[in-house]
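Residue numbers (UniProt numbering), protein chains in the order written: chain A, 1 to 334; chain B, 1 to 537.
None of these hints come from the bench; they were simulated from the model.
We treat Cβ as the ideally placed atom computed from N, Cα and C, and that holds for glycine.
Check before you lean on any hint, since a few could be wrong.
What the hints assert, rightly or not - Label pairs and their calculated CB-CB ranges: (1) A/S11 - B/E408: 49 to 59 Å; (2) A/Q124 - B/K393: 41 to 51 Å; (3) B/P384 - A/D172: 28 to 38 Å.
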Amino acid sequence: MFSYTVRRLGSLIPVLLGMAFIVFMMIRAIPGNPAQVILGQQATEEAVAAMTKQLGLDKPWFVQFWDYLAGLVQGDLGVSLKTNSPVSEEIGPYLMATIELALIAMIIAVVIGVNAGIISAWFQNSWFDYVAMVIALVGLSMPIFWLGLMEQYIISIQWDLLPTTGRDNIRDPVEAITGLYLIDTLMNGRLDQFFEVIRHLILPGLALATIPMAIIARMTRSSMLEVMRSDFIRTARAKGMKMFWVVYKHSLKNALIPVVTVIGLQTGLLLGGAILTENIFGWPGIGTYIYDAILSRDYPVIQSGILVIAFLFVMINLIVDLLYAAIDPRIKYK
Amino acid sequence: MKKSLALLLTCILALSLALAGCSSSTSKEDGKGGGSGEAKGGTLIYGKGGDAVGLDPAIVTDGESFIVTQQIFETLVKYGEDNTEIKPGLAESWDVSDDAKTYTFKLKTGIKFHDGSDFNADAVVKNFQRWAKSKDEGKFAYYASMFGGFEGDEGHVIKEVKAVDASTVEFTLNRPQAPFLKNIAMPTFAIASPAGLEKEGDGFTKNPSGTGPFKFKSWKPGDTIEVVKNEDYWQKGLPKLDGITFKVIKDNSARLNAVIKGEIDLMDGLNPSDISKVTGDDKLQLFERPSMNVGYFGFNVEKKPFDKKEVRQAISHLINKKEIIDNFFEGTAEPAKNPMPPSVSGYNDNIEDYDYDVEKAKELLKKAGYEKGFKMDLWAMPVPRPYMPDGQKVAEAIQASLKQVGIEANIVSYEWAAYLEKVQAGEAQSFMLGWTGDNGDADNFLYALLDKDNIGSNNYSRYANDEVHDLLIEAQSTADEAKRNELYGKAQEIIHDDAPWVPLVHSLPQLAGSKTVKGFVPHPTGSQSLINVSLEN
Chain A
1 MFSYTVRRLG SLIPVLLGMA FIVFMMIRAI PGNPAQVILG QQATEEAVAA
51 MTKQLGLDKP WFVQFWDYLA GLVQGDLGVS LKTNSPVSEE IGPYLMATIE
101 LALIAMIIAV VIGVNAGIIS AWFQNSWFDY VAMVIALVGL SMPIFWLGLM
151 EQYIISIQWD LLPTTGRDNI RDPVEAITGL YLIDTLMNGR LDQFFEVIRH
201 LILPGLALAT IPMAIIARMT RSSMLEVMRS DFIRTARAKG MKMFWVVYKH
251 SLKNALIPVV TVIGLQTGLL LGGAILTENI FGWPGIGTYI YDAILSRDYP
301 VIQSGILVIA FLFVMINLIV DLLYAAIDPR IKYK
Chain B
1 MKKSLALLLT CILALSLALA GCSSSTSKED GKGGGSGEAK GGTLIYGKGG
51 DAVGLDPAIV TDGESFIVTQ QIFETLVKYG EDNTEIKPGL AESWDVSDDA
101 KTYTFKLKTG IKFHDGSDFN ADAVVKNFQR WAKSKDEGKF AYYASMFGGF
151 EGDEGHVIKE VKAVDASTVE FTLNRPQAPF LKNIAMPTFA IASPAGLEKE
201 GDGFTKNPSG TGPFKFKSWK PGDTIEVVKN EDYWQKGLPK LDGITFKVIK
251 DNSARLNAVI KGEIDLMDGL NPSDISKVTG DDKLQLFERP SMNVGYFGFN
301 VEKKPFDKKE VRQAISHLIN KKEIIDNFFE GTAEPAKNPM PPSVSGYNDN
351 IEDYDYDVEK AKELLKKAGY EKGFKMDLWA MPVPRPYMPD GQKVAEAIQA
401 SLKQVGIEAN IVSYEWAAYL EKVQAGEAQS FMLGWTGDNG DADNFLYALL
451 DKDNIGSNNY SRYANDEVHD LLIEAQSTAD EAKRNELYGK AQEIIHDDAP
501 WVPLVHSLPQ LAGSKTVKGF VPHPTGSQSL INVSLEN
């Protein structure tokens, strides 16, 4: 297991380098001179030249790339053109907000999705199976902004159960320490705020969880069906083992590998794809941060934001791979 | 496995009980002002669609920043509560010399900045020097555009700013500038604490200090900005609120949901289609911002066939403004006939708009040699703007109108930044755009948008008429209001005949708030001080 982990970590280096290179080139492929964009059309030629120099755009691309990498290694993600602050300082709170939301969404998606998938497979062709799969299909095709607004309208406004927007009660704001409010409120010893944060997480968490939940449910169901038809399960059942243990212990463990892949991929997607949910629920996350940067052509923010998300994506994949190895010991010998 | 399952179930049960308990306790807390604040005024939660870029008003150019800086900072002179008349601000009075080149301001005394330093003539001089000497167009864009560049530039308006004594400041101008007072009343020219600027450096934009009714408290990026009452504010009894929290909720409908739920007290950027939701809810009230904008359909007069006046006039006859307003603005706009709104002094109401007349349009097209029509590109903005809630839909309506005379319009769109850039560069044949006034002066509409000096800048039509240019320049350097209005009136006549645009609408931006909000007066410039606002049950 140790050597597998080391090998897997080593293979990350070229991946990360390649990723940095692609993001770097992508930004430079956008037509127009960033210096001109920053200064506006009325800027004099000298001003544009000075800005070009300041941004290092006058150097050959490989020098620029080298400088960029050297900066990255030292934790320098560039300076936002819009706010004039280092991106590494700005990005933290946005990232934490999204991570907290994505984590909750994933927990909701996995708990509901996996169980719905299992029960559907267990009682294949029952009413539950049909209903669950129809809901999953609807969930897959539901536009998130519509779902979010409906949640707000029905659950918050009509039923008055949960708050509509934000991460905390605006009239009693959470004092941020780590940026993960669930932890911050506990560190501040504010249990009331902790529950308030959970209340704020439920609606956006549900909206964000819908698609992965549907995918996970369908994946679990088909994977479980396949495993449950295999010989060892039939043997277990023939020996008189209780159905609950057959399903949740023997079948699930074997059915989990493809499901874990899907969970890993979906978690990565959630990080970048949270933008619509963030917009609707007033959630100050990284999707919004990058989206605003794109609108104002804040290149360093776009570049670093994409890179940070890509980095997390790669890390999640790493965790997934290590999980495989833990679930299925055969994998690490391959 | 069994044990852990039981444990999990117990946890879930405990959590739901706790949540249920806490939900009732927080709904109590949701009351305005957090319980204890009623007598003192409470904290207003203001919902807006975007975060501030920075809180140094001299640097920023966006409304989302100004709505915050206007609570923290003050200007020498300010606009009236619901108009752009000039009133005393930090200066209690002023004198203008006969040649309109010297302005002497008498400052109010005993005022302190939030950081404890004194407000005086020196502070004013330091602020103006900071802008004029910087020569940094990237940083102080508004200064350069309102005062003709920086110190030493040929067109620079302000020759010198000096402190005569601690409470008197004298501005000497290189040439008269009629809208000078209206310019320095813009929120961007607010007076910042020189001590704060020196201490914070570039960080001032995140830790601002001015003389305003509210002090900066905290900023959670992308989420909230908090300001609290300035207990030492120079106007006794003001502000009425204990504080304001600005909350970013990007989606207009979601922001309205938060108002309905009582999570926020006031919001801007209400969708016209949501107006009935507000008027139908007895806990809410609707606010209408007086119009100081224009949404228009412009032609690039350098490109064929729009280089011909008759073609532009023909299209002017084809646009049914009333229908556009009914269908896409829910009736909350007025049809435009001039490139500036009636709320701005100098508006020429004698002009008769091109009536909706297809036959006349056909005649004009025949005269121009386009009897059978032509193919054209119609650029439509990709984002909702205050003066145009849905550019694409309005473009489709125009497209349908043009089809009646055989003009085939192909709707083109780009991402917003690229759209502006390309239109500015003259790439669009015809395009939809608009403008919200900065300071309520006619110059800020007519000169900024249609003078030949501004081709390549805000004159997207690339319209150049020497006669109009002479009138606008003369109006710029005349201090006499009546004379100026006459000059602007004439300019509007010529522009109307040349028809470089079809002015479409002057929209009335809508805001929604809880009924508990009192004393809120929306200002035509798009943002205002909330000094007189209070929350009452």
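Do the hints match the structure? See the list:
no., hint, in the structure
1, A/S11 - B/E408: 49 to 59 Å, "56 Å, holds"
2, A/Q124 - B/K393: 41 to 51 Å, "48 Å, holds"
3, B/P384 - A/D172: 28 to 38 Å, "33 Å, holds"
Hint violations for this structure: none, all hints satisfied.
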